[in-house]
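Student: Kindly produce the complete structure, drawing on both the sequences and the hints.
Read top to bottom, the protein sequences are chains A and B.
Residue numbers for the first sequence, in my numbering: 1 to 123.
Residue numbers for the second sequence, in my numbering: 1 to 222.
Simulated from the structure, these hints should not be mistaken for lab results.
Even for Gly, the Cβ is constructed at its ideal location relative to N, Cα and C.
Check each hint, because a few of them may be wrong.
To be verified - Restricting the straight-line Cα-Cα distance to at most 30 Å, the calculated cross-link-like pairs of lysine-lysine (DSBU-like) are:
1. K38/B with K90/B
2. K218/B with K81/A
3. K90/B with K2/B
4. K166/B with K81/A
5. K50/A with K214/B
6. K214/B with K166/B
7. K172/B with K81/A
8. K50/A with K94/B
9. K81/A with K113/B
As the list claims (entries may be wrong) - Heads up, incomplete: computed chain B residues facing chain A, CB under 10 Å, no partners named:
10. Q78
11. V84
12. V88
13. K113
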Amino acid sequence: MGGKLAAMFDAAGHKVTVLDLDAYSFRRLPPTFSGTALIGNGTDEEMLRKAGIEDASAFIALTQGDNRNVMAAQIAKHIFKVPRVICRIYDPLRKDIYEQLGLESISPTEVFADLLFNRLEKI
Amino acid sequence: MKSLYIVIVGGGNIGYYLSKALLNQGHEVLIIERDVRKCEKLEDELGSCCMRGDGCETVVLNEAGLSRADALIATTSQDEDNLVSCQVAKHRFKVPRTIALVNNPNNDAIFRKLGIDATISVTNTILEHVEQEIPAHPLIHLLTMSGHMEEVVELLITKESPAVGKSIGQLKLPQDTTIALIMREGERPKIPSPDAVFKENDRIIALTTLDSEKILEKVLLS
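Tutor: Set out below in structure tokens:
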């Protein structure tokens with residue numbers, strides 16, 4: 001998901017930095033990708049600073065771990081004051097809590113379940 | 001003493017010894033632990049006080065009766081899990097006091113800014129002891145106010161210090177910082193006026209914040 005999204009923003013002419021613990025995930029970036037790919041922990045304040053978060057206009061937390069995303073997104077929003085922060089939270093209950101706390105969140109579980117339900121219900 | 005209901009997330013070494021101590025003090029304790037084998041071991045040792053589950057999940061915390069808990073202490077080795085346990089406890093279940101263990105010392109300040117009542121960093125605790133044991137260190141942390149960003153620090157003015165010969169009013173101290181006391185050999189500690197002048201070997205007690213500590217150190221020491 002991160003690789004795909006990064007490629008889309010890059011193709012649209014934006015400046016993109018991808019941060020991942022594992023270089024293996026960078027294989028999905030297209031050869032044309034002109035942004036930066038960095039190995040590092042996205043919940044680490046110093047690493048985020050190195051990745052240039054202080055100049056970012058948007059931050060998206062997309063790891064497989066809900067809690068890691070929640071933590072990284074809150075650091076981006078409350079510590080670095082990134083203007084737009086979006087967080088992926090699989091667990092719908094957890095997503096509701098953080099939405100109430102003002103963190104813009106998307107639950108893929110909810111979105112995908114809705115999508116399937118709507119498709120099948122129309123049959 | 002009032003008996004409290006305390007929920008501990010994480011049944012590792014810290015969770016175990018903490019539960020043991022709290023149970024001995026007469027408190028009601030529940031440990032939430034993901035690993036079934038750790039759970040069994042804890043129950044063998046401490047009696048029925050362990051629940052198997054993910055301490056970040058609303059359903060699990062609800063089952064643990066978190067709404068009546070006096071405190072939640074998150075002690076896992078993952079900082080992000082400790083953060084989420086505490087935040088869910090605080091915002092969903094209105095637990096009055098949440099305490100998180102932080103493994104990365106940088107998260108100490110971050111977690112407090114994100115609303116956790118108290119954070120404990122093993123690394124920082126050891127560092128504070130090192131500072132106090134080695135008097136050469138120019139800035140010593142004396143006290144951190146729980147639940148706030150304020151702290152009390154002690155600084156030693158050395159010969160090289162840019163503050164020597166200057167008054168408090170002349171220095172560009174951070175706004176949220178107060179010089180509370182100047183201690184000078186052979187004199188009684190005094191609460192300084194804005195025109196009090198710093199001398200070599202003065203020991204300064206200041207009230208400051210985590211954010212301003214670095215600036216204070218720069219202005220007074222180098």
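Student: Holds or violated: K166/B with K81/A, Cα cutoff 30 Å?
Tutor: Given pair K166/B, K81/A is violated - Cα atoms ~36 Å apart, limit 30 Å.
Student: Please work out if K38/B and K90/B have their alpha carbons no farther apart than 30 Å.
Tutor: Judged against 30 Å, a Cα distance of about 26 Å means the pair holds.
Student: For a C-alpha distance cap of 30 Å, please report whether K214/B and K166/B respect it.
Tutor: The hint holds at about 19 Å.
Student: Sort out whether K81/A lies within 30 Å of K218/B, counting only the CA atoms.
Tutor: holds (25 Å)
Student: Is the Cα-Cα distance between K81/A and K113/B 30 Å or less?
Tutor: The given pair, whose Cα atoms are some 13 Å apart, holds under the 30 Å limit.
Student: Does the alpha-carbon distance linking K50/A and K214/B stay inside the 30 Å limit?
Tutor: Holds, because 20 Å separates the two Cα atoms, which is no more than 30 Å.
Student: Any CB of chain A closer than 10 Å to the CB of V88/B?
Tutor: Holds. Min distance 6 Å.
Student: Is the straight-line distance between the alpha-carbon of K50/A and that of K94/B 30 Å or less?
Tutor: Status violated; Cα separation ~36 Å.
Student: Take the shortest C-beta to C-beta distance between V84/B and chain A; is it under 10 Å?
Tutor: For V84/B, the interface hint holds, since the closest Cβ of chain A sits about 4 Å away, which is under 10 Å.
Student: Sort out whether K2/B lies within 30 Å of K90/B, counting only the CA atoms.
Tutor: With a Cα-Cα distance of about 21 Å, the restraint between K90/B and K2/B holds, given a limit of 30 Å.
Student: Does the CB of Q78/B sit less than 10 Å away from some CB of chain A?
Tutor: Since chain A brings a Cβ to about 7 Å from Q78/B, closer than 10 Å, the hint holds.
Student: Hey, K172/B versus K81/A, does the alpha-carbon distance stay inside 30 Å?
Tutor: Answer holds: K172/B to K81/A is near 26 Å, not above 30 Å.
In this structure, the earlier hints numbered 4, 8 are contradicted, and the remaining ones agree with it.
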